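Visitor: Sequences listed follow chains V and S, in order.
Just so we're aligned: 164 in our numbering is position 131 of the first sequence, and the numbers increase by one with no gaps anywhere.
Just so we're aligned: 595 in our numbering is position 562 of the second sequence, and the numbers increase by one with no gaps anywhere.
Among the clues, some could well be false.
What the hints assert, rightly or not - In silico DSBU-like links for lysine-lysine, alpha-carbon gap of 30 Å or less:
hint, chain 1, residue 1, chain 2, residue 2
1, V, Lys687, S, Lys642
2, S, Lys673, V, Lys300
3, S, Lys238, S, Lys300
4, S, Lys238, V, Lys300
5, V, Lys247, V, Lys333
6, V, Lys191, S, Lys146
Claimed, not checked - If you want the ones that stay clear, here's a sample from chain S, every Cβ over 12 Å from chain V, calculated:
hint, residue
7, Lys324
8, Lys392
9, Asp455
10, Gly459
11, Pro508
12, Lys580
13, Glu604
14, Ala686
15, Lys791
Said to hold, decoys possible - Here's a subset of chain V near chain S, in silico, CB distances under 10 Å, partners left out:
hint, residue
16, Met111
17, Asn177
18, Ala686
19, Ala764
Source of the hints: derived by calculation from the structure; they are not laboratory data.
Please read these numbers as outputs of a predicted model, since none were measured by experiment.
All C-beta atoms in this analysis are idealised placements derived from N, C-alpha and C, irrespective of residue type, glycine included.
There are 2 protein chains.
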Amino acid sequence: MSTCIKLGALTLALGMGMGSAAWSAESLQDVMKRRGLSQQDVLSAAKTYVPTGKRDEFVAFASGGQSGQLIVYGVPSMRILKYVAVFTPEPWQGYGYDESSRAILKAGAINGKEITWGDAHHPAISETQGKYDGQYLFINDKANPRIAVVDLRDFETKQIVVNPVFKSEHGGGFVTPNTEYVMEAAQYAAPLENEFQPLEAFNEKYRGGITYWKFDRKQGRIVPAESFSVELPPYAQDVTDAGKGPSEGWSFTNSFCSERYVGGIEKGRPPYEAGCSAKDTDYMHVINWKKAAELVKQGKAKKINGHNVLMMDTAVKEGILFLVPEPKSPHGVDVAPDGKLIIVSGKLDTHVSVFSFEKIMAAIKAGKFESKDPYGIPVISMKDALQTQVQVGLGPLHTQFDAKKCVAYTSLYVDSQVAKWDYCTGKVLDKISVHYNIGHLMTMEGDAVDPKGRYLVALNKLSIDRFNPVGPLHPQNHQLIDISGDKMQLLYDMPIPLGEPHNTVAIEASKLRPGVRYKVGTDSRTDKPHPGAVRAGEEVTTRTGKKVEVKGTLIRSHITPETIEVEVGDEVTINLTNLERAEDETHGFAVSGYNVHASIEPGKTVAVKFVADKEGVYPYYCTEFCSALHLEMMGYLLVKPKNWKPQGTSAIAKANYTEANYRTRLKTVAETQAVIDSVVGYITSVNYKDFPDVVSMVEDATDQLNKIPDAKARHEAAAAKKDWDQATLWAEQVWQYQVKAADIGLRAKTYLEQHNAKKTR
Amino acid sequence: MSTCIKLGALTLALGMGMGSAAWSAESLQDVMKRRGLSQQDVLSAAKTYVPTGKRDEFVAFASGGQSGQLIVYGVPSMRILKYVAVFTPEPWQGYGYDESSRAILKAGAINGKEITWGDAHHPAISETQGKYDGQYLFINDKANPRIAVVDLRDFETKQIVVNPVFKSEHGGGFVTPNTEYVMEAAQYAAPLENEFQPLEAFNEKYRGGITYWKFDRKQGRIVPAESFSVELPPYAQDVTDAGKGPSEGWSFTNSFCSERYVGGIEKGRPPYEAGCSAKDTDYMHVINWKKAAELVKQGKAKKINGHNVLMMDTAVKEGILFLVPEPKSPHGVDVAPDGKLIIVSGKLDTHVSVFSFEKIMAAIKAGKFESKDPYGIPVISMKDALQTQVQVGLGPLHTQFDAKKCVAYTSLYVDSQVAKWDYCTGKVLDKISVHYNIGHLMTMEGDAVDPKGRYLVALNKLSIDRFNPVGPLHPQNHQLIDISGDKMQLLYDMPIPLGEPHNTVAIEASKLRPGVRYKVGTDSRTDKPHPGAVRAGEEVTTRTGKKVEVKGTLIRSHITPETIEVEVGDEVTINLTNLERAEDETHGFAVSGYNVHASIEPGKTVAVKFVADKEGVYPYYCTEFCSALHLEMMGYLLVKPKNWKPQGTSAIAKANYTEANYRTRLKTVAETQAVIDSVVGYITSVNYKDFPDVVSMVEDATDQLNKIPDAKARHEAAAAKKDWDQATLWAEQVWQYQVKAADIGLRAKTYLEQHNAKKTR
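Chain V on its own, in the form it takes in the complex (with noise of 0.2 Å):
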């Protein structure tokens, strides 16, 4: 059992690897001593560290909470990856800074006015036979309800859709098993019509419901005249989770506040929180959403503001929607990945309590019903559907499941604690400590029918002092969680430094399979051509009235044009293609003080627009480090004031350079084409063919070289006439050729040794 290493062999191996004798490296012991690191601090680090160049093996989403945002990190090195702007405008990705993004953002706005955040809070992956299929993301905003639509091909958000009938949900971006659907649950009642009522006739004409989008996934985009939605009572509607399996076709949603209770506590009235949790139980939802599509396309719905709204009468009629007692006021309704129960949270009971889809389809055919509501919606007791109730601990919330089999992980808000439990025995297993408030949890894929174990993650609500202190405004605390033993494990503690997740999903690595270029000319908003796109030597200005086009390029270190000129008032849109191949090899754009950027990737389009409103000068550059001569990619837009003419004959002024100056720019290029042949002949000697990556970057060089040919042609035309300064600049340029073609083959050279690429010749 006893196994034993020396210590000493791996202060050894290292001083051997770092060929140097006099350098003396702390063993691991030292370190755990200068660093107070317990054995079991060792186990974690080794269970999470990622070395360089290695690759996570599961890919987390997270809602970004207020931020309005999606955050994606790796598992298990709790490594941020991305910050995918949703929501928000965010200028680094140009989300809301070019022509494109902010059409999808103003897409998104309600009652006419554009609004700039949201409230993400449940991130959901799309689905094939209920498995993550890894292709698309969907999420929501809360605060102003809405729906939206990731490509996870390029991370970029395609689409926001505005929630017709709600002004609040807290249930949305749940999918159905083949992502038919991406339902929306209402929160906070209020009249679907979008019109005022007084808060007394809250129970006849505010309204609850759940929202069905459509979903074309070979559009990649919802499809609102497809989509519709059940009216439900104002019983604040919460979280929902499609039936799988043998469930499949139903959908569960939660509630809070079935007492339909208004609060008025600066009235002297019991505040919301004592009116809302004063009775034991709520309702959870039980709806038939096939049949309501089905019913749907019958023409049953009424029109509400133009969306098809199923009514509670109509779906109580044709025997599609149910209520269940539920322990009051819980958080989550999950299907279990055999599709046979429903766990649900109560947060102020101390059970989990988990229901059988089986009994509730008895007790529906059986017309077993124990009341109906105030709305007629019959309801099923809840000894007829319950299968068990299990006593996990203070304040259950969100359960999550594993690869092994019945085995489930419940939050527990209160406790601060995750509890491990059998759902198949009902009993408790284990429970761990967390830091602090846990709201909800993930395993991987662990809502999908064939959860992988491995990892859990704590979303903890506070972390008071698990982290340097950076204010009073705290970060998150995501505690990853080893679950692949008997015993939960504590791994590691990550702060969110930005937004509070509400919830997470967690996807195998390799079902991802992002892009890392655009077809030349592509406008990553619509997926189409954008009809700003031009090819090299294609660039062009023209002017229409008062409106002025830019189309131009991007490559390192030019942007065409290198100069705008307008005339004060002018509308002024800027279009630019990213001509490069290589992989990471982003421009990015900006006009000082006109507020507009873009982010162009390789071979995308992207197009800014504004009116030049006040004459002067203003710098535009490229605001990625995409060269050693990135400060030098930048142009003038020139704002003139109205009918401004040159005076005299001003040229530019000229340089003054010298033959020396042009035979010592030759010399220069002689020796640098020396060194470039030298990366080439590393290069062309391995297999770099094998490297994509590599083919793109080698793609690249050689457009820089093909270059070449050109400007010689011109600096020796200008040698022949003696014209010093145009023959040197000109030679310079050659130069500048070089040195990028050579920083791309230097790059290409230092990823083929990395990568152990093999001698071909």
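Mind docking chain S on chain V? Use the hints.
Guide: Just chain S now, kept in the frame of chain V:
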């Protein structure tokens, strides 16, 4: 030398710690094998892993590039702790979504146009005698020349100032040794008067410069009226550093494109990059800022756009401005810790150039100049100023210093390496490869007079294949390198998920002492009492014409008021004060569809304002998961039609609770009190008063318990009148207060246990 520990013992220890004989934990060797980790990987993991509850040694502040924000992360764990909103609205922090922060952003408007992003490049921590003091941080916006002030007491942006004479800047965010001034150098030249001038007038009318922003440390604000600029030639000034020790009072600013070249690739002219790097040298600007400040005080500056500008001819005449040729297109200009040497890296050179301040002063004193530039500025010859040049590799960019004497580190962009070298002997000591194309680099307090050594971070611009793919737009890669030994050792790859950090500074964590709460009623953006603040029980809604002003409060789990009634068209201001004291008990506030959001940390008062322009029902709610009943922390904004009158005598529906309901409530209350008594018993049995975090929690819990007598009196009075509705609801409210007290109490108990509180009785 060789130490042997039994890994089997580790397994055993873990097994015992978990108290489960059945659990077969992996040994370290098992984990290494399963995860493919080398011994060096484990050593790196152990050097960077920070166990739960432990702190990082250093805190790094990275500019957020085009995100416009500031990124705060811990070293060595490389976990991002916070994105601080600076130039870009950010809803999680309420930045740009509440009134006080909107005022900060509005002060950054240019030509009356609100600018909603920035290109943040260089953060600088305030210094006292050349040492980082951890009080303030300054950061620049390259795209729209501005400087922001962040207060490190609360990590909030307090001020944005717009440069009155520049159109572009890059060399911003550098401080003088006692933070007298924050320096901001122009980049792309333009007329200082902000007027239009054609490119043909480039040499005559376009200008660069450097602005010295006066900082008032007591007020924590820049004072524009006491700030000034020095006019400089149109040489594309770049980064700047302040002299220190013997060179204190002077500043050094790089440049590129001192050729004053104007591109035009679209017109067949060689592009900027060719013309801007055609000469072998550019100029380092050497400026006596102390004397410049005196000259300005003496009235020798010219007012341009209302701002004091010391013109070049005055600066030359007064002997405070000199030029020194430096290898072309340099980026870094870095003053060594002793203040005697200035290290410049020409990006197209293979050398770093070490200039001697003493030699520069000697040349100035002797009046020994090789020439004057076209603007009459004396040029000291490179030979007379240079100490030495050291060949370090391709694309040297930025230099930072070690705690070890004479040891410096320079980033090599083209080679994708870091060179460690000795600036006293001129020897290269070591090189390490990074991934890929490093821009700036950072050692711990590496530009202060007393660098701390230990760690170096390489700010790599490309990550390419280092991380799980997330689409065409890649994260940057910050690589942590151990510099404690003779050889550098790569420890960790950290993806930057949002923005392109341009430069980063790191400070010893112990120097930061941010607060966790505000004095009740504070406007955090002005540091003054907020006019909208009220105390508990003083909440009020007032109307003045079409303006409705709410002064409300927040405490778990109520927003007071719970109903706000206005008429369509009213301008609504909602002021909210967070009454919590416990650390990390932040509340958020959103109104459906009105595009406002506030983050209200303990003690803070925030106002949101909007026009209620459409009649209807709009829920508002707390956007933080602040208690188990956070979903119930809500209310309704009712926007009524003009002149709406309630119809009939309808009242809010009654709940019809019974005496039995009331008795059940009372039973629960009694049971819960037992839990509370037990928790209180534990807390008071230990030295909880030694833990300020817990003292705050106890205060908040006591607040909740103190509300009970009033609610108890109400339920007893109602019961006496057999009003079972009110009796049940107020009894329920007693329980709510209990639950929150218990929630806080349990958290305090966990905290005390985790921090090994001692029994006192």
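Visitor: Against this structure, judge whether each hint is valid.
Guide: Now for the hints, and whether the structure bears them out:
1. Lys687/V with Lys642/S: Not satisfied, since the Cα-Cα distance of roughly 57 Å exceeds 30 Å.
2. Lys673/S with Lys300/V: Distance ~19 Å between Lys673/S and Lys300/V Cα, so the pair holds.
3. Lys238/S with Lys300/S: OK: Lys238/S and Lys300/S at ~23 Å, within 30 Å.
4. Lys238/S with Lys300/V: Violated. Lys238/S to Lys300/V sits at ~68 Å, over the 30 Å cutoff.
5. Lys247/V with Lys333/V: Since the Cα atoms of Lys247/V and Lys333/V sit roughly 17 Å apart, the hinted pair holds (cutoff 30 Å).
6. Lys191/V with Lys146/S: 29 Å, holds
7. Lys324: Lys324/S is indeed farther than 12 Å from all Cβ atoms of chain V, at 30 Å.
8. Lys392: 27 Å, holds
9. Asp455: Holds: least Cβ distance 15 Å, greater than 12 Å.
10. Gly459: 20 Å, holds
11. Pro508: The assertion about Pro508/S is violated, with a minimum of 6 Å to chain V.
12. Lys580: Label holds. Min Cβ-Cβ 19 Å, cutoff 12 Å.
13. Glu604: Holds, since 15 Å exceeds 12 Å.
14. Ala686: Non-interface label on Ala686/S violated, nearest chain V Cβ at 5 Å vs cutoff 12 Å.
15. Lys791: The assertion about Lys791/S holds, with a minimum of 18 Å to chain V.
16. Met111: 8 Å, holds
17. Asn177: Interface hint status for Asn177/V: holds (5 Å vs cutoff 10 Å).
18. Ala686: The hint holds - Ala686/V has a Cβ within 10 Å of chain S, the shortest such distance being about 5 Å.
19. Ala764: 9 Å, holds
When each numbered hint is compared with the structure, violations occur for hints 1, 4, 11 and 14.
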